[in-house]
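Protein sequences appear in the order of chains A and B.
So the first sequence is residues 1 to 329, counted in this note's numbering.
So the second sequence is residues 1001 to 1338, counted in this note's numbering.
Everything labelled a hint here was simulated from the structure, so no lab data went into it.
It cannot be assumed that every hint is accurate.
What the hints assert, rightly or not - Quick partial rundown of chain B residues pointing at chain A, CB under 10 Å, derived from the structure: (1) Ile1089; (2) Arg1090; (3) Ser1092; (4) Ser1103; (5) Ala1104; (6) Thr1110; (7) Val1121; (8) Ile1180; (9) Gly1296.
C-beta atoms are modelled at their ideal positions from N, C-alpha and C, and glycine is treated no differently.
If you want the building blocks of each chain, they are given just below.
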Amino acid sequence: MFMFILRRVFFALVLLLAVSFFTYMLFAMLPSDPAALTCGKNCKPDVIAANRIRLGYDKSLFEQYWLFLKGIFVGRDYGTGAAAFSCGAPSLGYSFGQHECVTTLITKTFPVTAYLSVGAFILWMLIGISSGSVAALNKGKWQDRAASIFTSVGVSLPTFYIGLLVLFSVVIWLRILPFPSYESPFVDFPTFLRTMILPWLVLAVLSAASYTRLTRNGMLEAMNEDFVRLGVAKGLTTKIILRRYVMRQALVPIVTIAGLDFAGLLGGAIITESVFSLPGMGKMSIRAVVESDLPVLVGTTMVAAVFIVVANVLVDIAYGYLDPRVRVK
Amino acid sequence: MSPDVVLSVRNLSVVFHTSDGDVVAVNDVSFDLRSGETLGIVGESGSGKSVTASSIMRLNNSNTASTTGSIIVSGVDVLTAEEDEVRRIRGSEVAMIFQDPLSALNPYYTVGKQIAEAYLVHHPQASKADARVVTLEMLKKVGIPNPEKRIDEFPHQFSGGMRQRIVIAIALINNPKVLIADEPTTALDVTVQAQILDLMNELQTEFQMAIVLITHDLGVIAEAALDVLVMYGGRIVERSSVEALFSEPTHPYAWGLLGAVNSLGKSDRGALVTIAGSPPSLIALPTGCSFNPRCGYAMEICTAEVPSLREIGSQGSVSACHLPDDQILTIGRKAASL
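Work out the full structure: start from the sequences and follow the hints.
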């Protein structure tokens, strides 16, 4: 098992290196001059030239990538003399658009994304698994049909549409909640809750739909297994059979997909954050796209990639614990 | 009901309600089972033998199936009893072995845990340590080598035959009065089949339980059963002792079954005889005797009237056939000697 984890971690690191390389190269190939974007419309050629040297864009692409990589481990200094500044390790570059180290920007915006993700994730797992269970236990009855309608609606409606609809009806039309304005939970908890409740619900309900289906089908499939029949024939109570036999089996794919979905969310819920104007990583990324703020894009992409890769490794390890048949000896 | 009767089935009928119509899977089946005795139930797929078996433990889905008649185990009618009462009977009075040992075990728990679980649910006062001791003992009895180590292994680490032994251990852990074995050897290699049948015989003597052995394999019946029910189209068409079935079968369907058995001793090594046609659709059973479209001896009355069971011959066999007794005995003896 230890060797298995070690090997997985090693390959994860190689994968991340590859992701960083291709991300950096891809963005560097865009036909925009990062140095020209440092000082807006009224840039003079000599300022651009100075900034190009200061930010290292005068060097070859591979040298730039090497400096970027090195910065992650040892930090990075830009320029010399009075105009010099530095970003400490782990440095993901410097945003000329926001005049701030990318790492600092990410540390500022990530908590928002994390609160959104964790809250929505807990809600959607609760909604998805419970509605899926109710549907499976009442197969063919109205509860099952209701869940099936919920599933089709949920998976087909896009977040931006439902998000705006909810925002409009609850905030503008019914005026139940104030217009979202984000506050840190440590500063103003009630405002934080008032702001987060809608994005949590929208994200949770829409994502829960596919988990409802996953849970329902997984449970129904498990209920047809011979070993569940044997459990009944043993005289076990329905509760034990559902927990140890039916749910145990249905949970394996749910955990796998949930791990990857959660990691994807941590990389930034771009649409939800934009609709509800939450200052998270997703919103920062979209702003960076609009402003061609390449260092921020590379940085957020790298962070998202780390979450996905780490989640993959964790899911692989969890899989071994969940299903003894794939456990590596 | 005589005292040593442990299972008494009366007029059991099971109807499945499907979108295509009602399926009469079991029709008016009655039999008694005495302790220590093995009753074989034989028939083709769809003859109702497995549904009969699962009815005994009330395993049929009550939403889709309606079951009538009575099944008395230890003075309790399984079909009408409260769910808690049925659950108490399941696994302790009546236990079951399934056809496919590969899928009958929960892949997520060790075999020891699954056997102990069956013990603990019927012995709520027992501790986990007690259950482990009993489980180890049971593993030895069913012939698992090195049980101290294997008790903590998962089902996928066992071979098919070994898994069937585990399933038997689960079934017998509470010393049941009745063991229902639904095709216990069908999914196993031939050599392993014999081992499992031997084991079941051995344990039957030790535990003094009655066995309902469901199979489509007459060889298994010959080896393990005392009495046989032959089922066709959801009904019992013949009931006889094993000797009588093999020496003087009393139903045209049984003649066909015997003809389809391949044996090394057969003088004529030609093609196997098969029963013409295929098992009837249970949604639209033929009128009269269900077997009439495939029966070489069918008469006019066979399409009009369902034959009732009557005693034929001197060996206590009971058969549902319209043919006259002497003709049945003559053809039956001839069919058995082929």
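Among the hints numbered above, which are violated by the structure, and what are their numbers in rising order? Checked against the structure, the only hint that fails is number 9, while the rest are satisfied.
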